[in-house]
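Asker: Spelled out from the first residue to the last, the chains are:
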Amino acid sequence: MFRAQPLQHLTLWFLASEAPDAALLLAQHGVFNPVAAEDAALPDNPAAAYREVYLEAEARLARILEQCGMTSEVALPPDAAAPSLAELTEINDWLREVWQVCSRCWETQLRVDEERKRLTALKETYARLKRLNLDLSRLLRRDSLLDARLGQVPAANVKRLQEALALAGYVLSPFDQAEGQVFAVVAGPRREGEGIAGLLSQAGWRELPVPPELQTHPDAAREYIEAEEKRLEAAAGAHCQEREHNFAQFGTRVQETAIRLALARPLAEAAATGVRGRRHLAVFAGWVPRRSVEALQQALEARFHGRYWLVAREPRPDELDRVPSLLTYPAWLRPFLPLVRSYGVPRYGEFDPTLLFAVSYVLLFGAMFGDVGHGAVIMLLASLLHGRLNWLRVVGMTAGAASVAFGFLYGSVFGYEDLIHPLWQSPLHDPVRMLAIAVAAGVGFISLTLLINTYNLLNVGRLLDALLGGGALAGLALYLASVHGLYRLATGEGFDTANALVAVAALGLIAAHTWLESRVAVGERLLVTVIETLETGINLFANTLSFLRVAAFSLNHVALAMAIFTLAAGLSTAGHWLTVVLGNVVIIVLEGGIVAIQALRLMYYEGFSRFFSGSGVEFSPLRLAGTGRSAG
Amino acid sequence: MSAYLNTRVSLLSERLWAEEEFDRLIHLPHAEVPSALTERGLAALAQGYGGDDPLSLEARIIAQILEETRVLVRPLSGAARDFIIYWTRRFEVSNVKTLIRAKMSGERYTALIPRLIEMGPFARLDLEELMHADDVAELFRRLEQSPYADIVRHARRAFEESHDPFILDATLDRAYYEGLVRRAQPIEAEAGKPMRDLMAGLVDRINLVWLLRYRFNYHLPPAQVYYLLVGGHYHLQGEVLQRLVTQESVAAVIAALPDPLRQTLEGAQSIMAVFCQLEDRAARQARSVLHSAAHPLARAFAYLVLRERDLRGVRAVLRGRHLGLPSEAIRQALGHQACGVA
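Sequence order for the protein chains is A and B. Numbering-wise, the first sequence is residues 807 to 1438 according to this note's numbering. Numbering-wise, the second sequence is residues 114 to 455 according to this note's numbering.
Just so you know, the hints here were simulated from the structure itself, not pulled from any lab data. Among these hints, one or two may not hold up.
Stated by the list, open to error - The following label-pair restraints were derived from C-beta to C-beta distances:
1. B:ALA131 with A:ARG1084: 51 to 57 Å
2. B:GLU133 with A:ARG1084: 38 to 44 Å
3. A:ARG1109 with B:ARG254: 40 to 46 Å
4. B:HIS332 with A:ALA1078: 46 to 52 Å
5. B:ASP277 with A:ARG1084: 30 to 36 Å
6. A:LEU1333 with B:GLY305: 48 to 54 Å
7. A:ASP1124 with B:ALA406: 54 to 60 Å
8. B:HIS143 with A:ALA842: 30 to 36 Å
9. A:LEU1198 with B:GLY233: 43 to 49 Å
No residue lacks a Cβ here, since even glycine has one placed at the ideal position from N, Cα and C.
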């Protein structure tokens, strides 16, 4: 719970033809976090083509499922083999064919919709043309000297098109407008050659097809339109049937294909990180929990019967910052993870602060916002959260419970301090004591962070930093000796020699360490050493004083409640209770929010910044579809 | 906002290149080129110096432009912000063209990826999703669901009628620049004459060069050429353009231009010469706006125009050096590159 599980680096060699099955087996075990194999002797990328075909097939499958109204539920058989590249290509080709059929069906629907729209517009257009009493058969005659066209063009293009047509001796005369389209007649002298066709296509002009029967008699136009409506209805019905037919025809195989693709996914996903190879060999590299290596090896042996080569090794010191961190938590601690992860992921080997965070955060919140009533309200409100805010429910309820517990210690219920007897004392009863306790808590917390940082440095082999660093043991010695000396000074015993000697010696060691670490010119080195050493000392004490806010907020809580009661006391009964209720709402929302942020700030800046790099990478193993990350 | 943007522009303008600095870059020993580039705020180009990949150089140049644009956009809001961000969209329109052409030729998306411009924080298209469209029709449908719907819709209609890639590109370009003119209008009122002059320099140059190319290189009829030009309210407006498209030669077009464009282009014999002279004129104009007390937005836009011109020059020099061309040839190519004729 306090550090990532130990991992081993595995390099696995397989026959390239068995790479899909190898990736599948690794994904089934869910313990292999692939990384790029760094070996110049492996120039090939044997899974690149596989990944490309997989992505294409997957995209097609998704489109088919979406456009053809199919659903896919992938239940993978435990003993299934992954498809080879040839089979995957075949699947992809088949999906292309299915998509062509499905998209044809879809296109039909689009065409029917579009034709319906156009027919509606045509109906209105012809109603107007009829009122104009214009003989279309004469207007559109191909052998006349007049080149006339009936069509539609986007309304935004009309003005420009009119100006351009004028240059060619044509006129554009709009006679109707619907849905952003202008219906118009374009007419000009008929000439040989291309004429205005290029211009019209540029402007998005679409000819209105006018069937001969519509050009003869206005009544025939109406009959034509009615017949067209019936035809389109029939076409739409046929489309529905076609869709159902497609579903019946392809449904089963599409489901099977979805399973085959799910089985192909591990290699495609591993290829994104980089499966390397040479000739007929494929090499997977990755990290596996040490405790799982043996089981994985047994599974590989059972599946490949010696047709593989496995090299396992411990992480090298130079790659520790790239090793992923596999962290496991009990269920009750997991809700606090988002708050820690928003700062970062612990590096491999680094102390995992999640438990420390959870305990400290809850205690700090309770101490700053101790009130039985307010805590209970926070618990109640938090218990209503669900869905994506589920994690916040646990955090809120725990913080609320801490608030209730501290409320009993302080004897405070909705700001009233006379309803229950305090188990300890009201903060306002002895503010100096509260402040002293807060500083003492700060000293304890900062000492702990310095120890954790020392542990982290030792863990990565930085012995000198762990002994002499301002943020490690030397810093701790300086800090504790100074604090003890100051405590004696404050209690009238005087800053004793032993403390002074330890503090000066620690400061000297920190300065020497900074001097050794600095790699600049002598003058600058001296400046850096002096400033950084001073900064180390100042920071330790400034951070300690930050903890005064814990007491300050507990005092503030009482003071705010007193202010509300004073305001309420001058009002009538109704006004009194209204002020008390609204005041408590303000305290819960405003002060509760501020305290939640302050507690987080204390954890991040006075705690995490001392020992937690947060620059780790989460362990992300290959998994089967639906249980892991996306292959994209 | 004004003071911050002004300061930013003034600081950035120190990075602009003088002519003699290009000469220096041409003659520098190889080992000193990266540090010279870094000194001029081009650390990203310095890192990749010496590589074989011209696409990578192009990508790094565009990334540099986008990064500087990002810095300048930060204090802007409303129409001004919209305008500067839209100015970067031409790179994404270029991606749209690349995608459409790739779909038309059935190119595989892995081969396409290196040619697409990485838009970083300015990206509005999901290129991977678009690349997986099965055909051009589907790609158009997806693009019409994107922020480029307006630009693409017209192009799709034109393309469906003609299936001509030239028509497609021309329609996309026209739609893009008309969008730019529309976005410039509200800020021209605020940023005044300097902004209007910059836009006029840009739009008039584009219109005139397109007009000459469409008329005399592609031999399109006047009416179609007129339709393909950008509608604007600068020196070359509707009636002037209508008169120009009916001229029968480059010289006749130049003679029919209104002043001061006609004076600028007097003596220009070719479309290339016209382009270079207009480009130089626009650069002079941008420099004068940049070094004046003009509205900060106008200064920022002038800087972006000049910076892009500079970077095209740097690209010409680096490519020339990479190919081992003699200094004089690079100098000559630099002249063309500076005119954007690469």
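Asker: Evaluate each hint against the coordinates.
Answerer: Status of each hint after checking the structure:
no., hint, result
1, B:ALA131 with A:ARG1084: 51 to 57 Å, "holds, 52 Å"
2, B:GLU133 with A:ARG1084: 38 to 44 Å, "violated, 52 Å"
3, A:ARG1109 with B:ARG254: 40 to 46 Å, "holds, 45 Å"
4, B:HIS332 with A:ALA1078: 46 to 52 Å, "holds, 50 Å"
5, B:ASP277 with A:ARG1084: 30 to 36 Å, "violated, 47 Å"
6, A:LEU1333 with B:GLY305: 48 to 54 Å, "holds, 50 Å"
7, A:ASP1124 with B:ALA406: 54 to 60 Å, "holds, 56 Å"
8, B:HIS143 with A:ALA842: 30 to 36 Å, "holds, 31 Å"
9, A:LEU1198 with B:GLY233: 43 to 49 Å, "violated, 33 Å"
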